[in-house]
Amino acid sequence: MLRRCRHANDSLSCVSRYSAHALPMAKFWSSLSMLLDWPRQTELTTASGTPTRRRFKSSPGSRSETTAEVLPPRCAASSLTMSRVLAIGVLVLCFGCQLVPVDGKYDCKENTPANCSCSRDINGNYDLLCPFSKPAIMLQIESNSETNVKLQCDSNIPDDFKIISGANIGETGILSIKFCSIPNAPFKSLMKSMGIPKIQKLEISYSAFDETISRKHFEGLSDIDTLRLDESNLTVIPDDLFQDVTNVSWLNIRGNFITDLPKDVFRSLTKLQVLELGNNKLKNLEPGVFNNLTRLRLLNLWSNQLTDISRAVFTSTPNLESLDLSHNSLVSLRTDIFADLSKLETINLSGNEFSTLPQNLFLDNLKLKMFTMVNQRTLKTIPSQLLANLEYLQFVQISRSQISSLPKDVFWNSTSIASIMLNENQLTELPVELFRDNGEVKKIDISSNQITSLPDELFKYNKKLTGLKASRNKLKFLSADLLEGLYDLNVIDMSFNRIEEIHPNAFQRKPKLEVIDFTNNFLTFETSQQGAQSPFQYCKELKTLKLANNSIGTFFEDWHFILTRLQYLDLSYNKISIIQAEDLQFNLIQEILKVDLSHNNISRFDMSGLELIAKHQCDLTSGHPNEKIFAKIILAGNPLDCDCKIYDFLRFVERRMIDEAYCHLEIDTHGLLCAGPGTLKDKEVTTISSRAVTCDVHHLHDLVSMDDRASCPHRCQCSYRQADSALLVDCMDLGLVHLDHAFMLPTYNIYTHFSRINHTILYLNRNELQSLPQHLDKGFMKVTHLYLASNNLSYINITQLSPNITVLDLTNNNLTHLDDDSIAFLEQAQKLERLSLQNNPWACDCSARSMLTFAQENFKKVEMLSNITCAGGGHLLQLSLEELCPIPTTGIIVFSVVIAVLGIVIGVLAAVYYRYQLEIKVWLYAHQMCLWFVTEEDLDKDKIYDAFVSYSHHDEDFVIKQLVRKLEEGPKNYKLCLHYRDWIVGDWIPNQIARSVEDSKRTIVVLSPNFLDSVWSKMEFRTAHKGALKEKRAKVILILYKDIGPTENLDPELKAYMSMNTYLRWDDPWFWDKLYYALPHPLQFSNRIPMLSRSRPQQTPSKPILDLDKTDLIKGGSDPNASPPATTTPPAETFLNAQPSLIPNGTANAKLQVKV
1 MLRRCRHAND
11 SLSCVSRYSA
21 HALPMAKFWS
31 SLSMLLDWPR
41 QTELTTASGT
51 PTRRRFKSSP
61 GSRSETTAEV
71 LPPRCAASSL
81 TMSRVLAIGV
91 LVLCFGCQLV
101 PVDGKYDCKE
111 NTPANCSCSR
121 DINGNYDLLC
131 PFSKPAIMLQ
141 IESNSETNVK
151 LQCDSNIPDD
161 FKIISGANIG
171 ETGILSIKFC
181 SIPNAPFKSL
191 MKSMGIPKIQ
201 KLEISYSAFD
211 ETISRKHFEG
221 LSDIDTLRLD
231 ESNLTVIPDD
241 LFQDVTNVSW
251 LNIRGNFITD
261 LPKDVFRSLT
271 KLQVLELGNN
281 KLKNLEPGVF
291 NNLTRLRLLN
301 LWSNQLTDIS
311 RAVFTSTPNL
321 ESLDLSHNSL
331 VSLRTDIFAD
341 LSKLETINLS
351 GNEFSTLPQN
361 LFLDNLKLKM
371 FTMVNQRTLK
381 TIPSQLLANL
391 EYLQFVQISR
401 SQISSLPKDV
411 FWNSTSIASI
421 MLNENQLTEL
431 PVELFRDNGE
441 VKKIDISSNQ
451 ITSLPDELFK
461 YNKKLTGLKA
471 SRNKLKFLSA
481 DLLEGLYDLN
491 VIDMSFNRIE
501 EIHPNAFQRK
511 PKLEVIDFTN
521 NFLTFETSQQ
531 GAQSPFQYCK
541 ELKTLKLANN
551 SIGTFFEDWH
561 FILTRLQYLD
571 LSYNKISIIQ
581 AEDLQFNLIQ
591 EILKVDLSHN
601 NISRFDMSGL
611 ELIAKHQCDL
621 TSGHPNEKIF
631 AKIILAGNPL
641 DCDCKIYDFL
651 RFVERRMIDE
661 AYCHLEIDTH
671 GLLCAGPGTL
681 KDKEVTTISS
691 RAVTCDVHHL
701 HDLVSMDDRA
711 SCPHRCQCSY
721 RQADSALLVD
731 CMDLGLVHLD
741 HAFMLPTYNI
751 YTHFSRINHT
761 ILYLNRNELQ
771 SLPQHLDKGF
781 MKVTHLYLAS
791 NNLSYINITQ
801 LSPNITVLDL
811 TNNNLTHLDD
821 DSIAFLEQAQ
831 KLERLSLQNN
841 PWACDCSARS
851 MLTFAQENFK
861 KVEMLSNITC
871 AGGGHLLQLS
881 LEELCPIPTT
891 GIIVFSVVIA
901 VLGIVIGVLA
911 AVYYRYQLEI
921 KVWLYAHQMC
931 LWFVTEEDLD
941 KDKIYDAFVS
951 YSHHDEDFVI
961 KQLVRKLEEG
971 PKNYKLCLHY
981 RDWIVGDWIP
991 NQIARSVEDS
1001 KRTIVVLSPN
1011 FLDSVWSKME
1021 FRTAHKGALK
1031 EKRAKVILIL
1041 YKDIGPTENL
1051 DPELKAYMSM
1061 NTYLRWDDPW
1071 FWDKLYYALP
1081 HPLQFSNRIP
1091 MLSRSRPQQT
1101 PSKPILDLDK
1111 TDLIKGGSDP
1121 NASPPATTTP
1131 PAETFLNAQP
1141 SLIPNGTANA
1151 KLQVKV
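For the record, in the sequence shown the residue sitting at position 786 is 786 according to full-length UniProt numbering, with numbers rising by one throughout.
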């Protein structure tokens, strides 16, 4: 609500309307800070000059909002400074100027008493605190359709009311006073001091009146129609208290300590319609106490101490419709006590101490509609026809009492009864004609009694019955006729009985039945079932079926095929032991079905056929119309056997089944533990991998054909693992010294109808085996995984193992070597994935050459390759072939003499060749000589790349910007293999290295200090070097990029390579020409070189004619100005030494340091 502010000494030319109410002082500074920034947050006016309203918070995080409306442009400041001055002025004015109400309602500033604070909450209500420094009274003014005032005290001092004088509230609908002591003056004077001329309702509660209230307090309040004096500690009411409030129609004196009512206390209240006297201490009602209350319609006398009431008490209240006498101390009622209440509709007699009731108690109350009597501790029976012949009676409740029997005619001729509640009594039986005349009844509650059986025709006449509750009795059988004719039945609750059997036709013709509850009975359905159907198969509209805590051991078909609208199926705490995939094929119309199978005896959850069923039930590709419909299965607390039979269940939990399997099914495994076997007991099912579960198998006849050997080796444990269809034979820790003829592994035909086993895994770890038999049993041909770790094996013939061997573990034995036949077998074993050779005393001599070569070439398969050690110390992998098998001294001497003689000859020839090698090669090429060399095109025809570049990532700048760019974008356009571009993401790095070397014609190694520090770079060099050795030709191009320091510190293989081969230096002026020559030649170029082509050359002239491209390539020379190599780097041998005149733009003495 906006207020207009005018300052007494207004120096501004505009008038602002600001704030719905005066802001509390605590918010002054936050509002001031906000207003300082206000001109930047909102424009003062719109373009048309109309006022603009903005809402913003007074402080960050505050919920209170301030509304500001700004006048037309003439009021706006012309600059940011003037705008801020205006904002501050508005705030000051709203705290200091006079606020005038716009709409005539309560105004804080004008009407707030001195010493009080006033604020407005978010609902538009005003709160006054008096005094504001230490509030003793809070006054809340609600301004809605009518003004209501709530006055609440924190002090009981009557004089405190003077501090709210001057509030000037105005006409009020309700004046409510709480927690205040009674004032000395009339309430009219209090209203006058607050500016309230008139009220309609006066509510005084939770006050301390004691005995001080009197007639004077209500003087001048003749217009009020409602008076509340509840919970105000009243003990005595003066007989003239209400003489001046004659228009009161609603009087509430509940919750006081009144023990007696003066005879004429209500005589002046001739318009009274509602009188609340409950929860007092009344012990007696004088005849005539309600005289003149002819309009009284409701009288509450509950929770008093009345022991007897005479007819004369109600003689003057002929229009009384509702009477509550509950929770008194009435022992009996006179037969004619209600004779004058012909219009009585509702009566409550609960909580009294009746021992008997008159038979004709309601003979004159023919309009009675509701009868309630609960908590009767002494009444044992109901008199005959107590509630008979009451044609308007609709509701009957006789509950939580000690009623043990009912007469059959208690409800006769009361044809309008809609609800009968007889629960929580001691009834043992019900008369067959009890509900004979209650054709309109819809709900009957007979729960919590001692009833053992129900007559078949008990509900014969209750055709409109929708709800039947008979729980917590002692019923044992549900017949076929008990519910006959109840076509409208919607809910039936027979839980917590002793029902053992339900007739198969008990629920026939129940088209509207939606809820059935048979929780906590003894049902098994073994005798009452019809085939695979339960007695509930006829309830097509059933939504909730509760069968918890019974003895049911079968999951019936109608629960998932016929009951299509089922939403909740509770089968918890039963005896179901096996659930199959077919049981989970629900034909649903509703969106979600919750099936509670918790705490049964389910040991097996067979889901082997689920995927096949799901493919027909849910078509994900075409979009199933009910793809949001699914069943949620709860399995907590079942003793699940976590053997191999749980395999498919675990696959489902791990979401390893086809997608369709999850379309309509969800399984809640929370709290589901394994009951076994072994160490899996009490382990959560979700923590077990489907790939780890096995079945113990002592005799394999159920898994293999009759023609196969099915016995497990003596003393060994055999099990079946379904994840990979493997037979596991565990012979560990048996102290076996040798495998004799009695040790025979099972054989099986993997193509038989009975078998799913396709390989054997044999564990012989931790025995004392010294060797394997010369001829292994045929069962070993099925072994794909052989574990021989921690034995005493000194020799093993691997060739007799299965060619399908996948894993071979020979760790921790006494093996010294593997023969060449075994190595050849391993090389041909295409399925070999892991070979473990560590922790053996290997003899690192010539016999280990083939093993070393195999290990280096198959490092991906050899486990922990670096841990294969020699008997004399050292690691096998760190040795070269030369170190393994050195040449004998005598041979060296003989060989040296021969070499010396030949060396002189060869040296002379080499010198000549070295000087004229280019001319010699050209002459040979021109005359088609020495063409017996194999061409590179034949060897490299399947190679993808021209070269694989091996380098350290620290040298990437040189490689990418210099080397790669020149080779790929140069005149030759070489195709290079680069790890960052051509490798497969996620593949194993050793695989990538091997594949890159294998698919490339050359391997360029950029040798630098960074390269030497890289483990992967060294592996790339070794792989390339081994590939070159295997193909028996030079494939490695070694580029010395930077000084690598003393060669003594190099890796032995690299050191040996550099000492025996040539390399190329980056600082060589003819680096690129020499590199091009070392790289593969294009096909069109090599075809013109006889040495590089296998095709028969054409006849050439006597004088060789060199092609220009080739001539440019082979020209070389020596540059005398080239910088010498670093002293720490070994000199390179010269591959070519051509005449300077043949190398374009070159100088003499240049050396082409390339290993091709």
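Calculated from the structure, these hints are not laboratory results. Take the hints with a grain of salt, since some may be wrong.
Unchecked claim - Using C-beta positions, here's what the derived DEER-type ranges look like:
1) 902 - 1047: 54 to 60 Å
2) 833 - 781: 56 to 62 Å
3) 781 - 683: 41 to 47 Å
4) 956 - 819: 44 to 50 Å
5) 564 - 295: 54 to 60 Å
6) 990 - 965: 27 to 33 Å
7) 827 - 902: 35 to 41 Å
8) 305 - 671: 31 to 37 Å
9) 965 - 819: 48 to 54 Å
From the three backbone atoms N, C-alpha and C, an ideal C-beta is built for every residue, glycine too.
Comparing the hints with the structure gives:
1. For residue 902 and residue 1047, the Cβ-Cβ distance of about 28 Å falls outside the hinted range of 54 to 60 Å, so the restraint is violated.
2. With their beta carbons about 18 Å apart, residue 833 and residue 781 fall outside the hinted range of 56 to 62 Å.
3. A beta carbon spacing of about 37 Å between residue 781 and residue 683 contradicts the range 41 to 47 Å that was offered as a hint.
4. A hinted range of 44 to 50 Å for the beta carbons of residue 956 and residue 819 is consistent with their spacing of about 46 Å.
5. One distance hint, 54 to 60 Å for the beta-carbon pair residue 564 and residue 295, holds here, with the actual separation near 59 Å.
6. For residue 990 and residue 965, the hinted distance range of 27 to 33 Å is satisfied, since their beta carbons lie about 29 Å from each other.
7. Distance hint check for residue 827 and residue 902: the Cβ-Cβ separation is about 37 Å, which falls inside the suggested range of 35 to 41 Å.
8. The hinted range of 31 to 37 Å is not satisfied by residue 305 and residue 671, whose Cβ atoms lie roughly 54 Å apart.
9. For the pair residue 965 and residue 819, the supplied restraint of 48 to 54 Å holds, since their beta-carbon distance comes to about 51 Å.
Against the hints set out earlier in the document, violations occur for numbers 1, 2, 3, 8.
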